[in-house]
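A.B. asks: Residue strings, one per chain:
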Amino acid sequence: MRVAGQATLHAPIERVWQALNDPAVLVRTIPGCQQLEATGPDAYAMTVSAGVASIKGTYAGTVQLAELQQPTSFVMRAAGAGAPGTVSADVTVRLIEQEGRTLLDYQAEAVVGGMIGGVGQRMLAGVAKKLAGEFFDGVNQVLTGVAAVAELPAAEPVPGAPQVFTAPPQPERRVAGEPVSFILGAVFGALAALAGVLVGARTARRS
Amino acid sequence: MTDELHPITLRVNGIPHQVNVPARRLLSDCLRHDLGLTGTHVGCEHGVCGACTVLVGGVPMRSCLLLAVSMDGEQLTTVEGLAAADGTLSPVQQAFAECHALQCGFCTPGFLTTITAALVEQPDPSRDQAREIVGGNLCRCTGYQNIVEAVLRAAELMKDEA
Amino acid sequence: MKPSAVSYSRPGSVDEALALLTEHGSGAKVLAGGQSLVPLLSMRLAAPERLVDINSLAELGYVRVAADGVRVGALARHAAVLADRPAAERQPLLAAALRWVAHPAIRNRGTSVGSIVHADPAAELPAVLSVLGGTVTAASTAGRRTVPALELFAGPLETTLRPDELAVEAFFPALPAQTGVAFAEVARRHGDYALCGVAALVRLDDDLRIVQARVGYLSVAGTPRVLELTGPIAGRSYDAELAEAGRLAATELDPEPDIHATAEYRRQLAQVLTARTLQSAARSAAGVAAGVPA
Amino acid sequence: MTTRLIGEPVQRVEDPRLVRGDGRYLDDLGSDAVEVAVLRSPHAHAKILDIDVTGALDVDGLLAIYTYDDLTGPLADPLPLLIPHPALTHGRTQYALARDEVNYVGEAIALVVAENRYLAEDAVERIVVSYEPLPAVVGVAAARDAANLVHDDVPGNVAANLVQQVGDAAAAIAAAPHRLSLDLSVERSASMPLEGRGVLARWDADAGRLRLWTSTQTATGVRAAVSVKLGIDIEQVEVITPDVGGGFGVKIVHPWPEEVLVPMAARALGRPVKFTEDRREHFVSAAHERGQLQHVEVGFDDDGRVLGLSFRFWHDHGAYIPYGLIVPIITSTQALGPYKIPNYRVEFDSLYTNTVIVTPYRGAGRPQGVFAMERTMDAIAAELGLDRAEVRARNFIQPAEMPYDQGLIFQDGRPLVYDSGDYPASLDKLKRLVDWDSWTSYQAAARAEGRRVGLGIACYVEGTGVGPYEGGHVRVDTTGRIEVATGLTSQGQGHQTAFAQIVADELGVPLSDITVVTGDTRRFPYAVGTFASRAAVMSGSAIALAARATKAKALRLAAEALEADPADLEIVDGMVRVAGVPGAELSLGTVAVLANPLRYAFDEASKAATQFAVGDPDAPPVAEDDEPGLEGRDYYSPARSTFASGMHAVLVETDPETAEIRILRYCVVHDCGTLINPMIVQGQVHGGVAQGVGGALYERMAYDEAGQLQNASFMDFLMPYVSEVPDSIEIDHLETPSPLNPLGIKGAGEAGVIPSAAVFASAISDAEGFSITAMPISPSELFHLRLQHVQQHHEGEPS
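As they're listed, the protein sequences go chains E, F, A and L.
The first sequence lines up with residues 167 to 373 when you count with this note's numbering.
The second sequence lines up with residues 126 to 287 when you count with this note's numbering.
The third sequence lines up with residues 201 to 494 when you count with this note's numbering.
The fourth sequence lines up with residues 28 to 826 when you count with this note's numbering.
Hint data in this document are derived by calculation from the structure and do not stem from the laboratory.
Misleading hints may appear alongside valid ones.
[As the list claims (entries may be wrong)] One-sided and incomplete, this derived list gives chain A residues near chain E with beta-carbon spacing under 10 Å: (1) 201; (2) 204; (3) 460.
Cβ atoms here follow ideal geometry from the backbone N, Cα and C, with glycine treated the same way.
Isolated chain E (complex conformation) (with noise of 0.2 Å):
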């Protein structure tokens, strides 16, 4: 499944790739991530529990930043797995700057399987766009100071250890009119969301 899109960030190139590229802000702006590890360079473990209405799952995934290009473009090669079906993802960034805003276009090649990829196709791009879409907004609130994640509490880095970065406790979260969320986060949601909308599909014509 390939989705694709574009966004414009009222922020600097350089303040995005900042924002883009720190699991800080990762962590905070995935929907439902628990938990990023870094378990390498520009690499992490993450886990996920995200999902539409009751559909939710939890999906351990792995993500490798690569071939970054600062500040203008990377590579993110996103995995995971959970209950009810496998993800894996690379989603090509290209950050343009346009008079102090920049102009983020993504390309996401995406594969669901297991019980979602066979019973789901039917709302996988149109769930990813939307929650890529809700990152967008979420971004822009991060930049623009209206969501801050300054405060946020990043573990203390551990010489030695891995670090991991840990999401605040937060309220319940509603998917509807999630604050924000990233590519990655369109990915993981993607695939529980899909469950639901894909299946839901079928059956939400009867409830």
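Put chains F, A and L on the given structure of chain E with help from the hints.
C.D. replies: Relative to chain E, chains F, A and L alone:
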């Protein structure tokens, strides 16, 4: 986690059954494996094929889309309950045999229950109505031609009986 | 395909149900018709901790028809709503759309309110509720609130209801005078979810000329879409060609592809069905105005 | 006088049981059995790095978890390659449980046994497998390009390349006054019986004996395979086929992993064990068919006679090739249909892909071959501006030319020689049935009203009743009841009725006295299976021969008892009597008593056969080279297949705006030789046509580039409901008896589905004015083809 059991009573084909089921037990599995009424068949377990259709209070429903625990106290009719007490085939059963409306017979119980209920509402269906009556059940063998014939034939037989 | 283990409660009253929802929050899932939920459970795509089975709440099984419209309780099955003649006369779009919902065996158990709050973008009733400007009543231990359709649907399978809220009623307003409706959809097989579905509403003036044309869509976005298409066809006679409205709709909509239909084909269906349903809605409105049954 | 039953629409003896819900399908058995669930690969192509079962071990009711490492002896080897072929140079089959690599989504990795299926699925959910994903090869084109390999040791993903030819096609095409080339494609579909696969095993530790029930099309095949795989003497293995909820080809594959793993677990655990496949599993772990890319080059003369035809195609056989080359060989040979192609060359590659295995589905490669040939016939007619039926007629093999040798080798390794058939007569019947000659004016009138209507036609020849053999056993018991057994299995074809009709006629007994048992190795251990429309031809013939042997013995014994000449005896309604001598008669039951001289009596009948009651004291009670009992056993093993044929026409209307495709009429002319039961044959045609409609307009396997099957449910795999099939399927029969078997029977089981893709492509092309080259076709696809066509049209216009 361990399944908590819920005591329920189902009146199936006029006979009351008391059984303890976990909340997740599908009615189709309860009928087939807890009560041994294997005439109700499971073709897809997502409500599309109709093979598992049973009558709940006389109304056709997919037993794979119902939880047994939610059926406590209901009156159910399965294919085993269609023939007369003396074993005489019901008009719909007889019509299926007469019209060669079944081949492998796996989807047949769902058709029989569905048609039996529909002919109570519509004792004299047109050909188009007959097609509508069976419109929610899948059959892979017959191409439906003879099933539609059987609906019309069953209506005739019921008139003769009356 | 068998469900995961789950706890189960069967409240005997609405208050008891609301208390359970408050107690269990997002871990609980309401079981009404279950025609959407049970397959999700069997495929283990949904695994709630507790099911709150409201099938004992007979007081929610009503279909009430009043001058201002039709009120459908949370436990009213599609089949009961479809069979209710007064309801069909007060709000013809309801029956027109319900005929397209899956197959009878599903309609015999599935509930109309359940279908609405399940919020599937391919479902008929959310689009109907939206185009009619209907509402849903949500109850919780904190009280009741009325949610307009356009504020209810947040995304595919998402509503703005809280986990502790139970949708107890849907309200479908009656049609104004000289107003007609029509529903049509294209599905791959009869009874499948639509590749595109359209619910049209047309109001005429005393000279049987179009003064309002509003259309609700399913399967063209993550939520029901409602378009005001009066512009290009305002003042047209009830029996005029309405192709421009279809073309306008096609430019307004941005459907997604799936394995059954490309986005372009969906847009084509929306354009064609828009023109077709607006025409029959207009004729129906004229028929109503002239006292002829639509 | 007993009325002849062969040819009568006798009501099925199966039905009273089935309509009561008294059928016994696999999952209706073994109420005391524990159940399995299978962990299946979510990846189309991956290395298995680790399988961690610890999380599953504390699941309530868990009995066992098996992975490849638990398999021993022959079970640890790959599953058998059932049908080897010299051209199959790179045959690969899967392990019962994946060893270190998975090659399609759905491949079995671990088997979990628990007290019930719910608990087994709980455990499967808790097993953690780590994979290293590998690039997936999906679709014929990707397999052919071979940018990636399914199996490292199979270059080009090619399992086999096979060429057959008669004459010199290339030269004939080059020299022909007219030449055309076509590129065609057919997508995957599947048998999709309403009942999935299933197997139940009981191990008798005291007797060291295995009893296996399986939803199969070949009980004897499963028995042999299980005996070898589990190392149990075949005499200690019983395989019983219960009622089977449809097969359509997929259940001929054996042994499925579960068919060897379930008995393995039953033996290990000392408990009866059952596997019941669910629908999602059936989509991803059973079998599919149909997917091919095709290229046709044809040369023809001014009259549309084909001078040379070259047919190249690429066949997608999935991740493994257990069933060999049967499907593509059938495509390559049966493409010839009813036509005389003087110079023919066919070449195919059978290619690996990272998708579910491909094995025969009703039609078994014929729909693809017929599609290639019939699209070619339409193309020739269009090129020359000739009538489509006329072009076909000019290329027909004539009745006088039968038997006709096509000069190729068929799927059974024997010459492709048509035994009989009358194609011109069939075409005349079809043209009358569909009113072919008034079509042009009908279409013109419809177009004037802005309607798009099209008429399609397609012809086929179907090799049916392939060998090697089947057998039949007929036994008369002392009450006069007739017990009939044959080894092949039934999946709803009404064998118990059709075979009883044969025995009733051959033996002269009432149908109600006959019981037929199929697919039970305890009753008849020698058999091949039910496929290739062969049951009526093979077992029907064998049973007829067995009944004749039984009758001969009955007449001989009765002649002695009645002191009459056997030639003067007849059997009517179960009574053996001297023709024209009232009173001189014995019941078959009595003859059965006489056939079995006894020392001990246990009922009235046996008393009459004891040593002081009957027999010549000076002769041995059982004569030399005779046997006790009134029974006959015989086998039928033909030199080659018999060839049924048919022609279909369909009338469609396409919506100019929504591109929806409606069927207005569907007409069939069908020739399967002697009809045993016309009602049953008609039902087979109805069912085949409906599957054909599904295959042409609705059903496909929608794999994405990564090898994920995106429509693995009845929500998105669009099997037709009644609303999608024609209101009426109009059928006319022609009966050209086969000279190859005692009853003149040809097979009928697959006929209805064979020409569907071709006939719908023909009709839609006729309605739209451009040629349809890929099937199936959806409204969305037709919509885009229209846009393309309009575009090309405009580009083509001189500006």
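A.B. asks: Are the hints correct? Go through all of them and say.
C.D. replies: For each hint, the structure was consulted:
1. Given hint, residue 201 of chain A at the interface with chain E, holds; its Cβ is 9 Å from that chain's nearest Cβ, closer than 10 Å.
2. A cut of 10 Å between beta carbons decides the hint on residue 204 of chain A: the least distance to chain E is about 8 Å, and the hint holds.
3. Given the 10 Å rule on beta carbons, the hint for residue 460 of chain A holds: about 8 Å separates it from the nearest Cβ of chain E.
Of the numbered hints given earlier, the model fails none.
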